[in-house]
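To convert, take the position in the sequence shown, counting from 1, and add 5; that gives this note's numbering.
It should be emphasised that the hints constitute simulated quantities derived from the structure, not laboratory data. Hints may contain errors.
Between beta-carbon pairs, the in silico distance windows are [to be verified]:
#: 1; residue 1: L132; residue 2: L164; range: 29 to 35 Å
#: 2; residue 1: L32; residue 2: A177; range: 18 to 24 Å
#: 3; residue 1: E12; residue 2: I172; range: 23 to 29 Å
#: 4; residue 1: A98; residue 2: R8; range: 31 to 37 Å
Glycine residues also receive a C-beta, built at the ideal position from the N, C-alpha and C atoms.
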Amino acid sequence: MVRSYLEAHWVAAALFMGVALLLLLPLGVPGGDRALLLIYLASPIYMLHQVEEHLGDRFRRFVNARVFGGVEALTTGDVLLINLPGVWGINLAALYAAYFIAPGWGLAAAWLILVNGLSHLGMAAHLRSYNPGLASAVLVFIPFGLYAVVTIPATTLQLVVALAVAIGIHAAIALHALQRARAARVA
Numbered sequence: 006m007v008r009s010y011l012e013a014h015w016v017a018a019a020l021f022m023g024v025a026l027l028l029l030l031p032l033g034v035p036g037g038d039r040a041l042l043l044i045y046l047a048s049p050i051y052m053l054h055q056v057e058e059h060l061g062d063r064f065r066r067f068v069n070a071r072v073f074g075g076v077e078a079l080t081t082g083d084v085l086l087i088n089l090p091g092v093w094g095i096n097l098a099a100l101y102a103a104y105f106i107a108p109g110w111g112l113a114a115a116w117l118i119l120v121n122g123l124s125h126l127g128m129a130a131h132l133r134s135y136n137p138g139l140a141s142a143v144l145v146f147i148p149f150g151l152y153a154v155v156t157i158p159a160t161t162l163q164l165v166v167a168l169a170v171a172i173g174i175h176a177a178i179a180l181h182a183l184q185r186a187r188a189a190r191v192a
């Protein structure tokens with residue numbers, strides 16, 4: 006019951022939370038730290054992107070129709086798990102890591118945005134068409150992600166771990182969708 010409710014309403018929650026987190030911004034980030042501010046902003050920016058991407062189940066339906074030829078490679082449950090723990094959870098963990106350990110440990114949030122933005126751009130180039138989420142990916146994700154990755158102080162290890170997390174999440178999503186599509190075609 007809770008899962009079906011979340012599947013039906015998480016995009017509205019993303020809009021509400023994205024706006025609410027931006028409205029909290031004037032209260033400031035502890036110490037006025039620019040790196041922490043950028044990592045904080047990753048969540049509301051991603052949530053507002055999710056509204057463009059998933060409102061009306063647009064992205065899942067687009068991927069299933071255009072990328073997988075009508076096969077249900079992504080379910081509504083998959084989309085919920087990808088976006089709540091896979092994006093909101095990672096961004097929250099990144100913010101806590103940046104605050105309590107060091108800013109560089111929060112870079113997973115910036116890399117997640119940048120990798121996602123580049124994925125939307127790559128999909129658009131490959132399919133030669135708009136895909137849900139492309140506008141915010143090009144106008145916000147890629148510039149924000151590049152700026153954050155370049156300006157947040159980090160060690161090489163922190164950069165590599167953060168990039169590996171972002172690529173790993175996107176690769177896991179793609180592999181899951183491919184496996185589900187293959188299984189559906191065999192059945």
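Structure-based check of each hint:
no. : hint                    : verdict
1   : L132 x L164: 29 to 35 Å : holds (31 Å)
2   : L32 x A177: 18 to 24 Å  : violated (35 Å)
3   : E12 x I172: 23 to 29 Å  : holds (27 Å)
4   : A98 x R8: 31 to 37 Å    : violated (22 Å)
Comparing the model with each earlier hint shows violations of hints 2 and 4; every other hint is respected.
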